[in-house]
Amino acid sequence: MIRAFHRWPGLLALALVTLLALSGAALSVFPAAGRLAAPQAEAGLTVATLAERILPVYHGVEQIRRAPSGQITAYWFDQGAPGAAVIDPATGMGAGSADPNQTERWLTTLHRSLFLDDTGRLVMAAGAAAMLVLALSGAALVLRRMGGWRRWFARLRGPLAGRLHVEIARVAVFGLLLSSATALWMTASTFGLLPDGAAALAMPEVSGQTGAAFAQMPTLAATPVAELRALSFPYPGDATDVFTLKTDQGTGYLDQGTGALIGWADLGAWERVSETIYMLHTGQGAVALGLLLGLMALGVPVMGATGVLVWLAGRRGRPRIRGNQPAGRAETILLVGSEGGSTWGFAATLHAALTAAGQSVHAAPMSAFAPESYARAKRVIVLAATYGNGDAPASAKGFLDRLAALDRAPKMPLAVLGFGDRSFAEYCAYAQAVATAAQAKGWAELLPLGTVDRQSPQDFARWGRTLGDVLGIDLQLAHQPVLPATQTLTLISRRDYGAEVQAPTAILRFALPKRTLWQRLTGAGFARFNAGDLIGILPEGSPVPRLYSLASARGDGFVEIVVKRQPGGLCSTQLTALEPGDTVTAFLRRNPGFQPGKGGAPLILIGAGTGIGPLAGFVRGNARHRPIHLVFGMRHPDSDFLYGEEIAGWQRDGRLTRLVTAVSRGKRPLYVQDALRAEAAEVAGLIRGGARIMVCGGRGMATGVAEALAEILAPLGLTPAALKAEGRYVEDVY
Amino acid sequence: MKSLLATLALTTALTLPGIAAARPVTLTTTLSSYGGDGAYLALYVTDASGAYAGSLWMAGGKSKYYEHLTDWYRATGGDTAQVDGITGASVGAGRTLEITLDLADALFDAGYTLHIDAAVEDMRDSPNEVAVPLTTSGAGTPVQGRRYVASFAYDM
Chain A
1 MIRAFHRWPG LLALALVTLL ALSGAALSVF PAAGRLAAPQ AEAGLTVATL
51 AERILPVYHG VEQIRRAPSG QITAYWFDQG APGAAVIDPA TGMGAGSADP
101 NQTERWLTTL HRSLFLDDTG RLVMAAGAAA MLVLALSGAA LVLRRMGGWR
151 RWFARLRGPL AGRLHVEIAR VAVFGLLLSS ATALWMTAST FGLLPDGAAA
201 LAMPEVSGQT GAAFAQMPTL AATPVAELRA LSFPYPGDAT DVFTLKTDQG
251 TGYLDQGTGA LIGWADLGAW ERVSETIYML HTGQGAVALG LLLGLMALGV
301 PVMGATGVLV WLAGRRGRPR IRGNQPAGRA ETILLVGSEG GSTWGFAATL
351 HAALTAAGQS VHAAPMSAFA PESYARAKRV IVLAATYGNG DAPASAKGFL
401 DRLAALDRAP KMPLAVLGFG DRSFAEYCAY AQAVATAAQA KGWAELLPLG
451 TVDRQSPQDF ARWGRTLGDV LGIDLQLAHQ PVLPATQTLT LISRRDYGAE
501 VQAPTAILRF ALPKRTLWQR LTGAGFARFN AGDLIGILPE GSPVPRLYSL
551 ASARGDGFVE IVVKRQPGGL CSTQLTALEP GDTVTAFLRR NPGFQPGKGG
601 APLILIGAGT GIGPLAGFVR GNARHRPIHL VFGMRHPDSD FLYGEEIAGW
651 QRDGRLTRLV TAVSRGKRPL YVQDALRAEA AEVAGLIRGG ARIMVCGGRG
701 MATGVAEALA EILAPLGLTP AALKAEGRYV EDVY
Chain B
1 MKSLLATLAL TTALTLPGIA AARPVTLTTT LSSYGGDGAY LALYVTDASG
51 AYAGSLWMAG GKSKYYEHLT DWYRATGGDT AQVDGITGAS VGAGRTLEIT
101 LDLADALFDA GYTLHIDAAV EDMRDSPNEV AVPLTTSGAG TPVQGRRYVA
151 SFAYDM
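Residue numbers (the UniProt record's numbering), protein chains in the order written: chain A, 1 to 734; chain B, 1 to 156.
No lab work stands behind these hints: they were computed from the structure.
There could be a bad hint or two in this list.
Simulated restraints, written as ranges between beta carbons of each label pair [claimed, not checked]:
hint : chain 1 : residue 1 : chain 2 : residue 2 : range
1    : B       : Gly138    : A       : Pro224    : 44 to 52 Å
2    : A       : Trp311    : B       : Gly61     : 35 to 43 Å
3    : B       : Gly138    : A       : Val273    : 47 to 55 Å
4    : B       : Gly61     : A       : Pro100    : 19 to 27 Å
5    : A       : Pro236    : B       : Arg23     : 55 to 63 Å
6    : B       : Ala93     : A       : Gly237    : 26 to 34 Å
7    : A       : Asp238    : B       : Gly61     : 51 to 59 Å
8    : B       : Gly94     : A       : Arg376    : 53 to 61 Å
9    : B       : Ala93     : A       : Ala239    : 31 to 39 Å
10   : A       : Arg322    : B       : Thr80     : 56 to 64 Å
11   : A       : Arg151    : B       : Gly94     : 57 to 65 Å
Below, a list of computed lysine to any residue pairs in the SDA-like style, where the Cα atoms sit at most 25 Å apart [unchecked claim]:
hint : chain 1 : residue 1 : chain 2 : residue 2
12   : B       : Lys62     : A       : Ala67
13   : A       : Lys397    : A       : Arg7
14   : B       : Lys62     : A       : Ala126
15   : B       : Lys64     : A       : Gly192
16   : B       : Lys64     : A       : Asp266
17   : A       : Lys724    : A       : Ala714
Remember, predicted model here, so these are calculated numbers, not experimental data.
No residue lacks a Cβ here, since even glycine has one placed at the ideal position from N, Cα and C.
Use the sequences and the hints to build the structure in full.
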């Protein structure tokens, strides 16, 4: 929701906001230039002395004004001809032309009204409002992304465009907030919407005499030039006229005969506020702030460009859904919970089939769940993948909270279809959680929970027929999974292990594929990856990709995976047969849930067999010497001690704090969970100190590790589930 | 056609006999190319004693800037009711403002003076830019202003 408030004003007002920012940045230098150019008055100079200096030079002087830059200008009439000059306050002599700077005038008019007068002012005010909305929604997004104010300036990750966007934004947002809010205030003031007009001061009775010297006017003698705004002289020969003095405090009248102050009005509170806001916006009288705001405004074009890139990259990440109806008009609401984008592919197929059957359909991520806006909906269909062990996938974040917060269930019935992999214990666990929560809320059921195993087109088509029966339409769902864009990787080296212990395993190292400028900017494909991310390999003879955990990061300069040849395994057999120079077809899938994360808390890495891959990648990337404890299970150290050579080096140079191995073949077979129990005291100590646990390997090992950890944690009053909820216990199991 | 009668009805000057008689008068104000933003102009009339009699036209819509039309502002106390219904847009440099009004005959040849105050943002205020006596013989004779007005004339 916040993202929509950021995206649409950003895209719609992009040109306007950019124009505002650039012209504003250009204007910001003028107050500083004016300040440098203006001859400044000496400290303690009074208005009386200044007027005494100017009067002999310009006899017909009518007004003396002081700009916030300190520039003093005199206006006079001499023999019927008007004149004006910048005054050197030290001498009272002219020191330059008083004509306004034409460039500054041109820029000012462009900046505030596009040369379109009031219409232009309103357009530019709309631009300022867009900027304000962008700044506020952007700040909310940064807070959410970084995890609070205290982490406002924490290190950023992700594609370059998004990083650059946030990097600039979190500094510039303060200036843009100030500039846009003050701009709106000034527009309101210009259009007379604020009671900030000057109070009218009634003309007082005058003495009728003339000719008082400035020195005899106590008010002028007591007013420093630094506080002066304007001193207007009486009309020559008009004894009823007065001197009018404007200062930072207010306005007063001085009798031209007696020199006495005969009327005074303080500046009103609103006037003061408006003047302060004018100063904050223009930098007139606050030169440094003006320059700072101008500098921050320069970030706007960059943020505009990177923002558009981020938006485009996000759109490319999922299939285009043609003819998507607005939420308020659709009969069928299709909510999608997808992690890597494949569920969106199913959603697109379902959307197209329903639309072809004459339905109006609105597809949206589950995180955009907003039942109050489904005015004409007759049914809600949820397509939900599962992330990790039953967690919400990326596009479904917050769905369950929002459902729980509803007063009562929506009226239209609900169908839930889960996507998952039956080989996992937590098959379709998130979809199950959604269905259970809906039932608990009393939400009517359109269809019982359906499931699709490993993106099976058959499962999906079968479920589609059931849905069609309920809707009374013939629904044929023919789905071909859409694969992400693939790249070709070339093997550069391989190391073989485990042949002697019937576990032929290879560490395969591929060259980095070349990245295009687009990938570089958006971080798409192999342009950016970390150890722990996944690589999808398309084996010859099957359209279904196999996923492997990456054992290297982009910065390592290669793509590395650890593969064990499975008996009869199509992909693993092909991979383990590769020789340097051979190629594979692959794509990258991010796995943000299995990353060591920021901070310096110790890591406990637990893995067995090929599960060492991403863990080794984390250790290799640990240049900052965060404490890492690695528990590694193998069959025999002489045969399948994967990364054995490197591990010794990593220990020497401080990347790895401690290595514990568990050997399962031998006189006393030992598994990682046994090794963990043997280290119980140390593990407990580390966890008490905030350590994070990462487990990678087979399902059986992960279950054993969880049991061992439960025993170790119990004395601390902790459970594996509690640690998982905190994100301090993550698994990558297969 | 704008009627000034309503505006001037309250002023003592127009309680003279002959108030019913009025004629259309065209006021033509051409600004010089002074190189600035649009000018605010206040056109108003003072009587023989110099007292404010009424306003004829206000070029410039934002009352917060009226204080820069110094003489008009001082004479009226900034009362925007004085220019209700006779307010238009500010006049750009080099442009001409032409307005036609029904003016009471009694205003002519009776010591009344037509004044124009002018003000331009970031440039000097110019009160009493133009001061021309209202006479039937003076009609059609252009006069020059002090700072911003290149020529002003009233035609009957």
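Compare the structure with the hints numbered earlier in the document and write down the numbers of the violated ones, lowest to highest. 5, 7
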